[in-house]
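Just so you know, the sequences run in chain order A and B. The first sequence: position 397 = 379 (the numbering used here), numbered continuously. Each number in the numbering used here corresponds to the 1-based position in the second sequence with 35 added.
Since the hints were derived computationally from the structure, they do not count as laboratory data. There's no promise every hint is true.
Claimed, not checked - In silico lysine-lysine, DSSO-like type, Cα no more than 30 Å apart, as pairs:
(1) Lys389(A) with Lys343(A)
(2) Lys161(B) with Lys343(A)
(3) Lys389(A) with Lys434(A)
(4) Lys473(A) with Lys90(B)
(5) Lys389(A) with Lys354(A)
(6) Lys333(A) with Lys354(A)
(7) Lys571(A) with Lys214(B)
(8) Lys562(A) with Lys38(B)
(9) Lys333(A) with Lys343(A)
(10) Lys38(B) with Lys214(B)
(11) Lys383(A) with Lys161(B)
(12) Lys90(B) with Lys475(A)
(13) Lys389(A) with Lys333(A)
(14) Lys140(B) with Lys343(A)
(15) Lys354(A) with Lys383(A)
(16) Lys38(B) with Lys475(A)
(17) Lys460(A) with Lys473(A)
(18) Lys383(A) with Lys434(A)
(19) Lys161(B) with Lys571(A)
(20) Lys571(A) with Lys38(B)
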Amino acid sequence: MIKQALKFLPFPLILAIIPFLLPGGRLGSYYLTLMILSVSYAVAALGLTVLLGYSGQVSLAQAAFFGIGSYVFAILAVKYHQYYWEAFILSLVVTVAFGFILGVISLRLASHYLALVTIGFQIIVELVLNNWSSFTGGADGISNIPRPVLFGFDFVSDHAFYWLSLGFLVLASYIVYRVRHSRVGSALLALREDEIAASAAGISVFHAKTLAFTISAGLGALGGILYASGSLYISPNVYSFNQSVSFFAMVLVGGQESIIGTTLGAALITFLPEVLRFLHAYYIAVYGLLVVIVILFMPEGLYGMLLRILDALLGLVWKRGPAGTVVPVATLPEHRKRRPQASNELVLQVKGLHKHFGGVKAVNGVDFTICKGDIAVLIGPNGSGKTTVLNVLSGIYSATKGEILYKGANIANRSPNRINRLGISRTFQNIRLFPELTALENVVIGYFPKGKVGLAGALFSRPRGYQEERLAREQARKTLELLGFTRFDEKAKNLPYGQQRIVEIARAIVCEPELLLLDEPAAGMNREETEALSEILYRIHDLGLTVLLIEHDMSFVSSVATRAYVMDFGQKISEGSVQKVLSDPEVIKAYLGDDAAYA
Amino acid sequence: MLKVDHIESRYGQVVALHDISVEVNQGEIVVLLGVNGAGKSTTLKTISGLLHPTKGSITFEGDRIDRLSPEAIVRRRIVHVPEGRHVFPGLTVRENLIMGTSNRKVSRAETERGIERVLEIFPDLKRLYTQLGWSLSGGQQQMLAIGRGLMAGPRILMLDEPSLGLAPVIVKQVFQTIKNINEEGVTILLVEQNVSLSLRIAHRAYLLETGRVIRADTSESLLRDDSFRGALMGAGGH
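Please model the complete structure; the sequences and the hints are all you need to start from.
Laid out in structure tokens, this is it:
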């Protein structure tokens, strides 16, 4: 941490000495005012970094939060003569409340629909600021906004206020940095990458989305207050839709996942128009064009570009090793070839389960039971409803009718993250890893439900937060090693299919669930890998897990399963030991084909 | 017909293919075998233009195609059915199939004939004809993806694990179908984990390991080779 802080230190220091480098006189104070404003923009843009860059929610309402922050503060401080810091705190609280509301709305909407709603919110705020003149001063705005006094120092001069703003920028950067490197931040990234997989890993989509919006609103308000105090005068035209687009551009141009990038982006977007003023009538067009060029040709933003240039320069100085190669899965040690045994203790009991999609009866009255220590298998023709059963069990679909008793309690229709916390976790047929995250990060997210440190913990109780993150990484590493996987730092999307499956299984078992649901784990694996997979299942079973899996590879099924259920057209057509169901004439006809000799 | 000559392919910094050479002759079924991560799917992606090789060349009937875009390659009737299905979720089964013809101009009658043929091969799709892609089960999506590949009127059809996620009874049908398609004159390049079934229909096979071809042989001699059988297929295969 100290090392990282030292690495970060040069940036605020450089920013802090800028006032001494500015030319004197009127021009100097003009540039200093611009610096103050760009710092306030940077603080607000950092909020958008969390919302857009980390959690992937497209919001065009950052200027609305910025505006609510400015106005609530200015109205309280100027019209109601509140003390500076009281107005400051109240303004943050009010804006965060608005952020929370928008977060709740975002639960029902995604991508472009969400963007449209945020634009609507932005426009409403703009109209209110313009038209509620008795309160907001209308188009005339509010003037004589104060600057603060803190611990006997007054920050009234431009220089002093600039340094105070820098202090807040450092604070905002610290908050965003801690969020990113905590359990909370991992949850936000998971949300961005794959919402369904995130909730199946025990992350509450409600908490994650409202948190992202409230952080974004809070930092937006902080920026807004600094802006109001910095410019001493505010009017509605500052908080227009255009400004929201500017915030968006700051984050994208700078590099949407980077704190330093966002700060650079804010400075660039603020100063570029000033630099281009000599172009007179054309300057806005040129400015727009430059932004388009940056976004087109530097997808990682300015900061990503800088890093790459730096990397290339360093590469010239130090010779690097040859590029890495793809390594196959490490083979697991000798088989133990010991068929798992089930107990009589009931874990899961499904009674009369129905799931209809409109007229399609995907699951139409299914009953089955799973005991502790089972490796139960669900087989049946394509489209017979197996995956739908798994989706209802894990809460992704709600049941149309029927009961799912898990250790005696009915869990039908609970949300995926609650079911995960009860001890049921799963993998997906099409593999739903978080593609842009590394294998290890994927598994660390699986550990989320075990963690306790929330936002406050991540920000304030540092030792505990760090300890927990270390523990999560250790557990993730151990789990991957148990499954014979070692390419920890490879991005999930770059792994071959079979290894992605291993990582997904690791993500599902890292938080030590009681019941593991696997959807076609052996699909896409060759003979050798399938044998390794049965060894993996034995190991998972030895850890005390009960397993329910869907599979089409019958030799794999007969080597691991303790009990089989066969489905066809949404109903159960056979059950019993694997041997028994595979010789059932009805199963042979519907599923195996005539010349079957599997068991 | 298709000649892949000493290609190297990368994902960013990671070299996935070191040195792959594969030849496919008119009318053949050729299968690529190997463990996960050996480079089989990457080879198909490089041929279909989703990746561009960093070394070596790919020629189709004498023309270099390794710098062409995927859509230019599919216009030459080199059709790739990728792993993971990639069915259009918001379109119906029928619309998904029609999408397959977008690589060329076809008459309506020809489209209908194509659809009919696909439905003959996969009768399950008939029942689902007006359903949306997302609502199909995994195995049904696999059938649809293969069907869509056929709609493109392939001269070379590249299938990446066509048996993935299919019920055993359907797996056998799919292999039979591949054989039938081949007998109608379509050249096939196959990637499969089901070694015994694919060797039974293929003429020749390439065995890949960590991005290199370690063996190229006819199916018969591979099936006769006990050491190979032991290594890749296990007892009896499946």
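Straight-line alpha-carbon gap Lys333(A) to Lys343(A), limit 30 Å: Holds: Lys333(A) and Lys343(A) sit about 16 Å apart, inside 30 Å.
Pair hint outcome, Lys473(A) versus Lys90(B) [Cα-Cα no greater than 30 Å]: Holds: Lys473(A) and Lys90(B) sit about 24 Å apart, inside 30 Å.
Is the straight-line distance between the alpha-carbon of Lys161(B) and that of Lys343(A) 30 Å or less? Distance ~17 Å between Lys161(B) and Lys343(A) Cα, so the pair holds.
Take the C-alpha atoms of Lys140(B) and Lys343(A), compute the straight-line distance between them, and say whether it is at most 30 Å. Given pair Lys140(B), Lys343(A) is violated - Cα atoms ~39 Å apart, limit 30 Å.
Within 30 Å, alpha carbon to alpha carbon, are Lys354(A) and Lys383(A)? 25 Å, holds
Mind checking the alpha carbons of Lys333(A) and Lys354(A) for me, to see if they're no more than 30 Å apart? Satisfied, since the Cα-Cα distance of roughly 18 Å is no more than 30 Å.
Given the hinted pair Lys90(B) and Lys475(A), is their Cα-Cα distance within 30 Å? 23 Å, holds
Pair hint Lys38(B) and Lys475(A), alpha-carbon separation not exceeding 30 Å: Measuring from Cα to Cα gives roughly 28 Å; hence the hint holds.
Given hint Lys161(B) paired with Lys383(A) - CA-CA distance at most 30 Å: Roughly 29 Å separates the two Cα atoms, so the pair holds.
Straight-line alpha-carbon gap Lys571(A) to Lys38(B), limit 30 Å: 43 Å, violated
Proposed proximity, Lys434(A) with Lys389(A) (alpha carbon, max 30 Å): 25 Å, holds
Restraint status (C-alpha distance of Lys389(A) to Lys333(A) at most 30 Å): 14 Å, holds
Against the hints set out earlier in the document, violations occur for numbers 8, 14, 18 and 20.
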